[in-house]
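> One letter stands for each residue in the lines below.
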Amino acid sequence: MSLLEVRDLEVAFHTADGTVRAVDRVSFTIDGGQTLAVVGESGSGKSVTALTLLGLNRGAEVAGTVLFDGVDLLAMDDEAMRAVRGNQIAMVFQDPLSSLHPLYRVGWQIEEAILAHRDVPRQQARARAVELLDLVGIPEPARRVDDYPHQFSGGMRQRAMIAMALALDPRLLIADEPTTALDATVQAQILDLIRRLQGELGTALIIITHDLGIVADLADDVIVMYAGRVVERADRRTLYYHPHHPYTVGLLRSVPGSVARAARLQPIPGQPPSLIRLPSGCRFHPHCEFVMDRCVDHDPPELRVLGGLHHGSACWLPGEMVGTDDDTHRRRSAYAGAHRQTLVGSGSTAVP
Amino acid sequence: MIRFLVRRTVFGILVLWLISVATFLLFFVAPHDPARVITGRLATPETVALVRHRLGLDQPVLTQYGHFLNGLIHGNLGYSFYNSTSVNYLIVSRLPPTVSLALGGAIIWLVTGVLIGVLSATRARSLFDRVATIFVLTGLSMPTFLLGLLLIYLLFFRLHLAGVTWFPAGGYVPLSQNPAAWAQHMVLPWITIALVTAATYTRLTRSSLLETLSEDYIRTARAKGLSERRVIYRHGLRSAMTPVVTQFGIDVGTLLGGVIVTETVFGLGGLGQLAVQSVTNQDLPVIIGIVLLAAFFIVVSNLIVDALYAVLDPRVRLS
Numbered sequence: 000m001s002l003l004e005v006r007d008l009e010v011a012f013h014t015a016d017g018t019v020r021a022v023d024r025v026s027f028t029i030d031g032g033q034t035l036a037v038v039g040e041s042g043s044g045k046s047v048t049a050l051t052l053l054g055l056n057r058g059a060e061v062a063g064t065v066l067f068d069g070v071d072l073l074a075m076d077d078e079a080m081r082a083v084r085g086n087q088i089a090m091v092f093q094d095p096l097s098s099l100h101p102l103y104r105v106g107w108q109i110e111e112a113i114l115a116h117r118d119v120p121r122q123q124a125r126a127r128a129v130e131l132l133d134l135v136g137i138p139e140p141a142r143r144v145d146d147y148p149h150q151f152s153g154g155m156r157q158r159a160m161i162a163m164a165l166a167l168d169p170r171l172l173i174a175d176e177p178t179t180a181l182d183a184t185v186q187a188q189i190l191d192l193i194r195r196l197q198g199e200l201g202t203a204l205i206i207i208t209h210d211l212g213i214v215a216d217l218a219d220d221v222i223v224m225y226a227g228r229v230v231e232r233a234d235r236r237t238l239y240y241h242p243h244h245p246y247t248v249g250l251l252r253s254v255p256g257s258v259a260r261a262a263r264l265q266p267i268p269g270q271p272p273s274l275i276r277l278p279s280g281c282r283f284h285p286h287c288e289f290v291m292d293r294c295v296d297h298d299p300p301e302l303r304v305l306g307g308l309h310h311g312s313a314c315w316l317p318g319e320m321v322g323t324d325d326d327t328h329r330r331r332s333a334y335a336g337a338h339r340q341t342l343v344g345s346g347s348t349a350v351p
Numbered sequence: 000m001i002r003f004l005v006r007r008t009v010f011g012i013l014v015l016w017l018i019s020v021a022t023f024l025l026f027f028v029a030p031h032d033p034a035r036v037i038t039g040r041l042a043t044p045e046t047v048a049l050v051r052h053r054l055g056l057d058q059p060v061l062t063q064y065g066h067f068l069n070g071l072i073h074g075n076l077g078y079s080f081y082n083s084t085s086v087n088y089l090i091v092s093r094l095p096p097t098v099s100l101a102l103g104g105a106i107i108w109l110v111t112g113v114l115i116g117v118l119s120a121t122r123a124r125s126l127f128d129r130v131a132t133i134f135v136l137t138g139l140s141m142p143t144f145l146l147g148l149l150l151i152y153l154l155f156f157r158l159h160l161a162g163v164t165w166f167p168a169g170g171y172v173p174l175s176q177n178p179a180a181w182a183q184h185m186v187l188p189w190i191t192i193a194l195v196t197a198a199t200y201t202r203l204t205r206s207s208l209l210e211t212l213s214e215d216y217i218r219t220a221r222a223k224g225l226s227e228r229r230v231i232y233r234h235g236l237r238s239a240m241t242p243v244v245t246q247f248g249i250d251v252g253t254l255l256g257g258v259i260v261t262e263t264v265f266g267l268g269g270l271g272q273l274a275v276q277s278v279t280n281q282d283l284p285v286i287i288g289i290v291l292l293a294a295f296f297i298v299v300s301n302l303i304v305d306a307l308y309a310v311l312d313p314r315v316r317l318s
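Note that the protein sequences, when read in sequence, are chains A and B.
Numbering of the first sequence is given in numbering that gives the first Met the number 0, commencing with residue 0 and proceeding in unit increments.
Numbering of the second sequence is given in numbering that gives the first Met the number 0, commencing with residue 0 and proceeding in unit increments.
Treat the hints as calculated values from the structure; they're not laboratory data.
All residues carry an ideal CB built from backbone N, CA and C; glycine is no exception.
Among these hints, one or two may not hold up.
[Claimed, not checked] Distance ranges between label pairs, derived from CB positions:
(1) Thr164/B with Ala74/A: 53 to 63 angstroms
(2) Trp16/B with Val119/A: 50 to 60 angstroms
(3) Ala126/A with Arg122/B: 31 to 41 angstroms
(4) Arg57/A with Leu4/B: 37 to 47 angstroms
(5) Leu200/A with Val299/B: 35 to 45 angstroms
Sequences are here, hints too, so could you generate the full structure?
What follows is the structure in structure tokens.
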């Protein structure tokens with residue numbers, strides 16, 4: 000049994016402008032000690048997915064099942080869910096500057112997390128807080144435990160957040176863009192720290208990121224999200240060397256220095272779609288270089304493709320067209336061109 | 000901290016001095032003659048001149064101010080033009096009703112205002128929130144004297160007719176004389192002043208707490224698995240209280256200088272009423288005494304609020 004199994008997760012928010020379908024039929028699994036990277040741009044639904052796992056999306060309409068150790072988290076009442084949060088599943092957020100309470104001492108905030116779940120004396124919680132700060136590499140932890148967050152640097156604050164998240168030895172750690180708000184050098188340190196601690200503690204990790212470099216560093220498996228859907232899933236090597244979905248290919252080609260690098264950086268044209276008025280058919284088709292007739296009306300289901308084991312992609316292109324090389328690129332273009340007759344010149348879809 | 004206090008104290012004394020100068024100037028610029036007010040309409044010019052001389056009003060303004068300042072330095076605010084009582088005595092005797100009213104009312108409005116604010120913030124757009132909004136609008140738009148009269152009509156007059164004599168209509172009983180009667184006499188004035196002011200606190204708390212509850216660190220607190228009560232009160236309200244504390248300090252400071260309308264409606268005979276009397280009588284020493292005292296309370300409450308700010312928020316450095 001997997002540690003976490005998410006099946007057909009749907010999250011919608013009702014707003015004055017309409018219903019925002021933030022997450023649509025998302026499924027994935029993660030085993031103990033494994034690392035899953037969730038990749039996508041802003042608004043792809045990756046953070047919403049993570050918050051939903053912890054029941055922290057207030058006012059959202061949620062459907063589907065989230066089995067954690069075989070128990071459905073979405074069916075739990077508030078009290079039971081609270082016992083899971085921070086204890087079994089912990090989370091590290093994007094911005095360490097705003098994620099710690101500015102008016103309480105760092106140590107106190109870690110102690111609070113411990114005391115929320117364990118019936119231990121305050122001194123013991125404090126000793127554990129010092130130990131944790133030491134574990135995440137805060138110098139002079141016995142002294143810094145009494146500092147306020149504003150006395151910490153950005154990197155130290157994220158270390159403190161990680162210490163807090165690991166305080167109760169959670170079985171699953173969710174890190175939502177843990178390095179996005181940090182300097183490049185600090186980013187590398189924090190990633191090293193996460194990797195080291197995961198190795199030592201055997202925690203399963205879901206890392207949410209838009210940075211494919213992080214994926215290459217940490218992930219066992221990867222899911223790529225676009226406009227609330229999983230468009231491609233694979234193990235890390237497959238995703239890098241044999242991607243299938245044009246969006247994934249586009250992401251890889253837009254990373255400087257990546258294996259898929261073209262002569263020049265290739266941006267993905269256009270903005271991600273509005274989650275209130277989603278495009279018909281495949282959600283990526285208005286921006287897709289290989290758009291075909293059926294993409295406009297028919298949303299592709301996730302199909303097995305030939306890049307590797309458990310490799311799935313929600314795209315109508317033939318399953319054997321995987322890879323980022325120019326040859327595959329030409330074959331995709333040719334195939335798409337042959338299935339696009341009615342569209343060309345009709346003006347209904349702009350072909351880039 | 001010490002440096003801050005010293006600097007602010009010096010600054011406060013300067014403010015008080017400027018206020019005394021301004022009050023003095025205004026008094027002498029305004030066209031009036033206290034001697035004539037005291038002697039009455041039928042007095043001969045000689046009597047008026049004599050009274051004027053006795054009060055020292057025939058001396059140059061600067062000399063008069065010098066006398067006043069000399070007295071002030073020795074803690075003596077002079078004597079009332081009107082009844083020759085010392086201003087110190089007048090103020091001290093009128094202070095208890097005002098302090099009772101301001102502090103008692105403040106506690107009530109702070110507790111009710113903040114509590115309703117928290118409840119409507121955590122139940123935003125619920126029925127409770129809507130009722131609370133009506134309460135806020137009523138409180139903000141209700142004139143104090145009208146609310147006071149309404150309370151007297153309903154809780155004194157109508158209840159008296161029904162044979163219930165819980166609430167007296169007015170008057171003040173010193174706390175030292177009879178604590179129970181003191182509280183009984185203060186209840187209606189407290190409710191009056193609290194209802195009118197609590198509305199501001201409800202609104203302030205609601206908006207401040209709603210803003211705080213959308214902060215990232217509140218999400219962190221929830222992700223830690225804390226109870227919702229702890230998230231709201233320990234994490235949310237702790238941050239949301241800063242503007243409330245500021246407002247509270249200033250409001251209490253202002254009220255301690257006299258609560259004219261409420262005191263008058265309930266005949267409490269506090270500083271506010273003394274202020275009205277002394278202005279009507281053109282009783283300069285009393286006017287200055289009260290103005291300085293009111294200013295003193297405001298300066299001190301501001302100082303306390305600023306110091307408290309540093310206690311409440313570790314990021315604030317007093318320097």
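> Could you check the structure against the hints above and give me the numbers of any it violates, in ascending order?
5
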